[in-house]
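Q: Each chain, letter by letter, is given below.
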Amino acid sequence: MAIDPSSLTTDQLNTFIVARLAVSGIDLNLLPTTADPVTGAPTQAQVLSSLRSFVLKTPTAINGWRPVPATTTDADALSQELSPPLEYPSITEAWTGREGR
Amino acid sequence: MTREFNRRVFLARSASVAAGTAAAAALPATAFASPAAGGPDAGAASLAGGKKVTVPDVDVRPEARQDPTEATVAEAVTLLRHRKLSAVELVEAHLRRIATFDSVYQAFNAVTADAAREQARAADRHPGGVLSGIPLCVKDNYYTAGVVTTANSFIFENFVPPYDATSVARLKAAGGIVVGKGQMGPLATTRATTPNGTVTTVNAWTPGDPSVDPGGSSTGPACSVAGRMACSSIGTQTGGSIVLPSNQQNLTGLKPTMGRTSVYGVIPLSYTRDHSGPLARDALDAAIMLSVLAGPDQNDPRTLGLPAVPDLVTSALPVRRGKKVVLRRATTIGVPPDYLTGVGADVLALRHGFLDQLASIPGAKIVNVGYPDDWGLLTDTFNNVRLSERTEPFLPYLRQDPKLFGVSLLSWLQGLFLSGDEWITGQRAKNHLLRELLDGVMSGCDVLLQTGPVPFDILGLPELALPIGFAPVGSDPKVPVGTILGGAPYEEDRLLEVAAAYQAVTSWHTERPADPVVAAPLSRAAVTGPPRLTPEQAAATSA
Numbered sequence: 001m002a003i004d005p006s007s008l009t010t011d012q013l014n015t016f017i018v019a020r021l022a023v024s025g026i027d028l029n030l031l032p033t034t035a036d037p038v039t040g041a042p043t044q045a046q047v048l049s050s051l052r053s054f055v056l057k058t059p060t061a062i063n064g065w066r067p068v069p070a071t072t073t074d075a076d077a078l079s080q081e082l083s084p085p086l087e088y089p090s091i092t093e094a095w096t097g098r099e100g101r
Numbered sequence: 001m002t003r004e005f006n007r008r009v010f011l012a013r014s015a016s017v018a019a020g021t022a023a024a025a026a027l028p029a030t031a032f033a034s035p036a037a038g039g040p041d042a043g044a045a046s047l048a049g050g051k052k053v054t055v056p057d058v059d060v061r062p063e064a065r066q067d068p069t070e071a072t073v074a075e076a077v078t079l080l081r082h083r084k085l086s087a088v089e090l091v092e093a094h095l096r097r098i099a100t101f102d103s104v105y106q107a108f109n110a111v112t113a114d115a116a117r118e119q120a121r122a123a124d125r126h127p128g129g130v131l132s133g134i135p136l137c138v139k140d141n142y143y144t145a146g147v148v149t150t151a152n153s154f155i156f157e158n159f160v161p162p163y164d165a166t167s168v169a170r171l172k173a174a175g176g177i178v179v180g181k182g183q184m185g186p187l188a189t190t191r192a193t194t195p196n197g198t199v200t201t202v203n204a205w206t207p208g209d210p211s212v213d214p215g216g217s218s219t220g221p222a223c224s225v226a227g228r229m230a231c232s233s234i235g236t237q238t239g240g241s242i243v244l245p246s247n248q249q250n251l252t253g254l255k256p257t258m259g260r261t262s263v264y265g266v267i268p269l270s271y272t273r274d275h276s277g278p279l280a281r282d283a284l285d286a287a288i289m290l291s292v293l294a295g296p297d298q299n300d301p302r303t304l305g306l307p308a309v310p311d312l313v314t315s316a317l318p319v320r321r322g323k324k325v326v327l328r329r330a331t332t333i334g335v336p337p338d339y340l341t342g343v344g345a346d347v348l349a350l351r352h353g354f355l356d357q358l359a360s361i362p363g364a365k366i367v368n369v370g371y372p373d374d375w376g377l378l379t380d381t382f383n384n385v386r387l388s389e390r391t392e393p394f395l396p397y398l399r400q401d402p403k404l405f406g407v408s409l410l411s412w413l414q415g416l417f418l419s420g421d422e423w424i425t426g427q428r429a430k431n432h433l434l435r436e437l438l439d440g441v442m443s444g445c446d447v448l449l450q451t452g453p454v455p456f457d458i459l460g461l462p463e464l465a466l467p468i469g470f471a472p473v474g475s476d477p478k479v480p481v482g483t484i485l486g487g488a489p490y491e492e493d494r495l496l497e498v499a500a501a502y503q504a505v506t507s508w509h510t511e512r513p514a515d516p517v518v519a520a521p522l523s524r525a526a527v528t529g530p531p532r533l534t535p536e537q538a539a540a541t542s543a
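Chains as they are written, first to last, in full-length UniProt numbering: chain A, 1 to 101; chain B, 1 to 543.
Among these hints, one or two may not hold up.
[To be verified] Some but not every residue of chain B turned toward chain A, in silico, with C-beta under 10 angstroms:
{"hint": "1", "residue": "Thr194"}
{"hint": "2", "residue": "Pro268"}
{"hint": "3", "residue": "Tyr271"}
{"hint": "4", "residue": "Leu377"}
{"hint": "5", "residue": "Thr379"}
{"hint": "6", "residue": "Gly452"}
{"hint": "7", "residue": "Val454"}
{"hint": "8", "residue": "Arg532"}
{"hint": "9", "residue": "Leu533"}
{"hint": "10", "residue": "Glu536"}
[As the list claims (entries may be wrong)] Now the in silico label distances, taken between C-beta atoms and shown as ranges:
{"hint": "11", "chain 1": "A", "residue 1": "Asn63", "chain 2": "B", "residue 2": "Ser507", "range": "15 to 25 angstroms"}
{"hint": "12", "chain 1": "A", "residue 1": "Thr43", "chain 2": "B", "residue 2": "Val517", "range": "35 to 45 angstroms"}
{"hint": "13", "chain 1": "B", "residue 1": "Asp380", "chain 2": "A", "residue 2": "Ala2", "range": "50 to 60 angstroms"}
{"hint": "14", "chain 1": "A", "residue 1": "Gly25", "chain 2": "B", "residue 2": "Thr332", "range": "45 to 55 angstroms"}
{"hint": "15", "chain 1": "A", "residue 1": "Asp36", "chain 2": "B", "residue 2": "Asp57", "range": "24 to 34 angstroms"}
{"hint": "16", "chain 1": "B", "residue 1": "Asp338", "chain 2": "A", "residue 2": "Val68", "range": "16 to 26 angstroms"}
{"hint": "17", "chain 1": "A", "residue 1": "Gly97", "chain 2": "B", "residue 2": "Asp57", "range": "31 to 41 angstroms"}
I should point out that these hints are in silico values taken from the structure, not numbers from a laboratory. Built from N, CA and C at the ideal position, the CB exists for glycine as well.
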């Protein structure tokens, strides 16, 4: 069964966020701990709060979507055949020259 | 249908290339721009290589004869051509307004007055291309050779590009004169602010009230044209940044189809969604500007192998049958379910008026269309898929010091928290959304009205913003209201045809804001408004 990310604690999320930033070489400690009007950059606490909210909502909503096949039988398998990824949909439309609408 | 024609032309050209023949020779002379030569002079080479843009004489309004800063590009071209105006006079008139009023508007990051004057003198001696002598504003995320290009960010505060962006090169090759770099949201995200979030550019219609949304992120280019400090401008759009400031400041903005214009030499925000296009005074000006910008560029593979650029200038000229304005082609305009809901009474009345006016033009047919059930999900939450694209090119700066991103940092960090598989899901959703739009929502219409820019941004489809009236906002009695038309791939001409017909029977687009009170900046502290954006606001309103 799929696990619900809302069960993650604040500490778990903070650890994940700091670790993920570090994996890409980004040091959260370079950000201020109190408001910095000179740069306007968010504080460390603001970053953690914002990213916790983002992590709990956005990835789940995106990875929960799949194109829906016409039949519910073997839906996951049939869905794999639908809507291959297009980075540039309008360009692909021209290259494939689909006619009519 | 145009798309069928585009397909035939596309396949014909492919066949010509495969056969080793010169593609251009096998096709109508007006259908193709010569491929741009590689290197930083690509734009100039392309324009010099055969793309010829011509502007017919137009009737020049009395206001434009009296004050050249009132003129549209087409009017200015007409006056210049008939020696009723010199390039020096035209450029000086705009520079005077910059000197007088930009302390209030704050539309420019940099003003290149000396170079502009020199180029104006040269244009009077030797008139060049279609934009010869026309003063222009360029958003500050376009590379400009030898001129600081900051994108309003700490990251680029001292960056002097070694070459012009292709779009800038093409404008210059056509004779355009850049009078300055336009203010923008930091790294093309929000309304124009300094990197720390302090609001800069105001809405030219409410110069004393910075709380009124001027639209972003191409805020400065929009304000420069609305405030008559430039005749026209170019901006960029990733999430509404051409159409929204155009709507807010009574301009006609045209975000073309992905690939129609090059974004080589534009500081990236999201590779799959960054577009270059004009913020102009009317449909004809937008068409002239886009005609100069459009076409293949060897430095931007997204521009290659695409349908030919149609005759956009002709598309933007109104057609009359007798004394009656008619649409150039019969066009069905789709009205989605949210178009007449969720807005105040003033805006709703303007939208009804817009639809009534359109319906009265012979050739226009208005139909209601529906959205599929997953439309909201795919155009709202899935809009976040773009965030990974801004993180990737900026990772070295994030590693160096995240404070370099100032108030805009959060959305750059959010991009790290979408995995590769989620990004792929987002690209699948684009395909799904494209088919839902073209085969479903737009199956019964040629043009779709929009309440926001996002779906057409996500899909790289063209959209055009145009004024439809004015409404009060707070204590400001007259703030522009615009609307957005979306089109099928590479059908900018269809959008221009509709806009040209509408503008031929209305005059909203000819109205200009009153001059600001120059003392206004001193009183700003007393005005209630958002003097600074917070990091959370910047993330929530980011393009």
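Q: All hints are to be evaluated individually against the structure, with a verdict given for each.
A: Hint check results:
Below 10 angstroms, beta-carbon pairs count as interface contacts, and Thr194 of chain B has one with chain A at about 8 angstroms; its hint therefore holds. Interface hint at Pro268 of chain B: violated, since its Cβ lies 14 angstroms from the closest Cβ of chain A, which is beyond the 10 angstroms cut-off. Proximity of Tyr271 of chain B to chain A holds as hinted, the smallest CB-CB distance being about 8 angstroms (cut-off 10 angstroms). Annotation: interface hint on Leu377 of chain B holds; nearest CB of chain A at approximately 7 angstroms, less than 10 angstroms.
Of the supplied interface hints, the one on Thr379 of chain B is violated, with its beta-carbon coming no nearer than about 12 angstroms to a beta-carbon of chain A, more than 10 angstroms. The criterion of a C-beta within 10 angstroms of any C-beta in chain A is not met by Gly452 of chain B, whose closest approach is roughly 18 angstroms, and the hint is violated. A cut of 10 angstroms between beta carbons decides the hint on Val454 of chain B: the least distance to chain A is about 14 angstroms, and the hint is violated. Look at Arg532 of chain B: its Cβ gets to within about 7 angstroms of chain A, closer than 10 angstroms, so that hint holds up.
For Leu533 of chain B, the interface hint holds, since its Cβ comes within 10 angstroms of a Cβ in chain A; the closest pair sits about 8 angstroms apart. Below 10 angstroms, beta-carbon pairs count as interface contacts, and Glu536 of chain B has one with chain A at about 7 angstroms; its hint therefore holds. Evaluation of the 15 to 25 angstroms hint for Asn63 of chain A and Ser507 of chain B yields a failure: the beta carbon distance comes to about 50 angstroms. Look at Thr43 of chain A against Val517 of chain B: about 38 angstroms separates their beta carbons, and that is inside 35 to 45 angstroms.
One distance hint, 50 to 60 angstroms for the beta-carbon pair Asp380 of chain B and Ala2 of chain A, is violated here, with the actual separation near 23 angstroms. At roughly 53 angstroms, the beta-carbon separation of Gly25 of chain A and Thr332 of chain B lies within the given 45 to 55 angstroms, and the hint holds. A C-beta distance of roughly 56 angstroms is found between Asp36 of chain A and Asp57 of chain B, which places it outside the suggested range of 24 to 34 angstroms. Roughly 23 angstroms separates the CB atoms of Asp338 of chain B and Val68 of chain A, a value that falls within the hinted 16 to 26 angstroms.
Separated by about 38 angstroms at the C-beta atoms, Gly97 of chain A and Asp57 of chain B satisfy the suggested range of 31 to 41 angstroms.
Checked against the numbered hints above, the structure breaks hints 2, 5, 6, 7, 11, 13, 15 and satisfies the rest.
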